[in-house]
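Trainee: Sequences are here, hints too, so could you generate the full structure?
Residue numbers (the working numbering): 1499 to 2165.
It should be emphasised that the hints constitute simulated quantities derived from the structure, not laboratory data. Cβ atoms here follow ideal geometry from the backbone N, Cα and C, with glycine treated the same way. Honestly, I wouldn't trust all of these hints.
Claimed, not checked - Now the in silico label distances, taken between C-beta atoms and shown as ranges:
(1) W1571 to K1545: 18 to 24 angstroms
(2) T1997 to L1809: 52 to 58 angstroms
(3) P2074 to N1761: 27 to 33 angstroms
(4) D1697 to Q1802: 48 to 54 angstroms
(5) R2164 to N1761: 38 to 44 angstroms
(6) P2074 to D1991: 39 to 45 angstroms
(7) Q1802 to A2127: 42 to 48 angstroms
(8) S1787 to L1764: 48 to 54 angstroms
(9) I1795 to P2099: 55 to 61 angstroms
(10) T2140 to N1756: 33 to 39 angstroms
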Amino acid sequence: MRYSILVLFLLLACEEVRDWDNPYDPRSNRELWSPVDLSTINEGEGKYKLTWLRKGRRFDGFIIDRKLADDNWQDSIKTIKDTLEISDDSEYTFIDTIDLKILVNKLKSSDPIEFKYRIYAYAIMESGDTNKSNYSSSIIEPDAPSKPDEIKIKSIKYEFPKKMTVEWGKSSKNFKSYLIYHSFIDDFENKTLFKTIYDSNIISFDTSTFTVLKENWFWIGVEDSMGQKTILENSVASIPIDNAPEPVILDTIIYENNKYILNWSLANMNSLADDFSSYVIEEVIMPDSLLNNIEVIDKKNEVQYLINIELDKESHYRIKLNDHWGNTSVSNLRPSSSFQKITTLNFLRDIGDDLSIFNLGPKLFFPQKVTNVNAKFPVWIQNGKKIFALTEGAMGIVVNENGSGLRKILGEEPQDISFNKDQTKAVYTAENHNLYYVDLTSSDGEITIQTQINNEWFSNPEIISNDEIIYTQIKNPYLNNLGPEGIFVSGLDGNNVKTVLLTNPVNKSLKGVRYLMPRMSPLKDKILYVKEDESLYVLEIDVNFNIISNNILKIDGIDNVIPEESKYFRNIRWSPDGTKAIFWTKDADYNLYIYDLNANPSEVKLLQPGARYANWIEQDKVLFRFENAQAMFTKNISEPPTASPTPLINEEHPAANVPWAQLQPRQ
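Mentor: Below, the structure written as structure tokens:
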């Protein structure tokens, strides 16, 4: 009995020292080996640092569970083995990494969220069962991961061929895509996605899908791999509307040879050097301003264009300039006319008048006035490119057809002047009866050909070839204005004189027969001249100026006719083809006659009563001053004398009824 009691005592004594913190004993006190003081802190970018203290004897390890917001607990997200070297109360750490996509998705909730962690120790017993300690728990409010980099649009450029380039800064952190937004106005809220780029190394793009006729605003955003986006309002860059190019200037429209010659300034493109597209020649049809496209020119340096045009037409033109973006601008509107011009005087008087120039059209007159020039009897020269006028106190003036380039030629005032075929040179005599020559293209003064010696008076000179002139001269070494007057030919220098016609009086001190106003035909085979106090004659000559025939001309073959010797404006003028001539006489009235070789070589016909100062304006039409109206009229030579002449200038024209006008040759 004593023995049994002793054994029981010993057993009880052993029970009191049993190891209760043994993790491998299911009866152990779990508090003695449970982890404690679990804490969690944000490490950023989805990383959470867990820290805890271990207790008790050695066990197999720790198991960590996690609960994300309202999700169920995720068991055993991490198992960490226990280490023998670690003593009681040692600190353990673990970094938990949460998928940022999951994190960001959780953070989208409008309510605050919590992440929970719990940890326990475990020991695998001999039976294979797992003994678990108590939990240590921690709660944390997660931080949102940092958003993508903030970048900006660096530049926007465009050029032709049509290409726009947008460039921006680079982003690489958690990169998913660049988001390029666009708007036609500065409106961040209403921008639209223009392009998405998924390569972080691509930091620009080119596009041909754009217009510069509107503003272009671009913003740049970045989306990261978690779906977070950074789009800043100040990431914007823009380009303004590409303004229309500066209009060209339509400088001139010149009418010449049945064509308008349009000249305009070179296009000055105001955005890019190579965005020129075309010039468009536009006719503006009045009065409704209808547009007629004449031609499209796609070469920038072509700034002249020729338009075939009908005679006697008034037109308006402008130049439209196009760039490659669709912008346009239009030049000034310039009127033009294929009507002939006239040069006019308001007064026929010894002191002259201001010289005026007009177009002869019904509406477009283009008036020009050259003032303070004392012009007398202006005429067109050099095929209508210039105007020559006699002037008080000098040889004359020359101006361009538009009134510019006034040039005064010094010298004696001409009494009878004649021009060569192209009207670049002239010969004339002055009141001193000397013979003069002038080159109208280069000279500012006259050149004396012959000086009066021994009262040898010169008159009626005419250039008959490049180096020859014909004139009359009184040959008398003794008395003024007495003796024979003959017709002579010489060189322009006055040398190589040839006598064409000369009759000596019985007594040289007496007045001999005078031969006046010799006019060589364009064919150089006939000379019209006046035998003083008798009649008009026609002298037929050979190439050496030898006389073949010398015949008197009479009105209708009956009455003698004596043309008036006119000061300033020459009487007796051959037609351009040399088959006809016109002249006027003065008796009680002025009368204009015509001589037609083909009709009757020995008589002249009345063309227009009351007319003088006549000249040819076409092969079959003449212009003259009609004394009854004291204005300028025209007439076709085929019309009878009784037919009314036609006014050169209509009544609505500002130059209507001027006493003097000359018609420009067709250009």
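Trainee: Return the numbers of the hints above that this structure violates; sort them in rising order.
Mentor: 2, 5, 6 and 8
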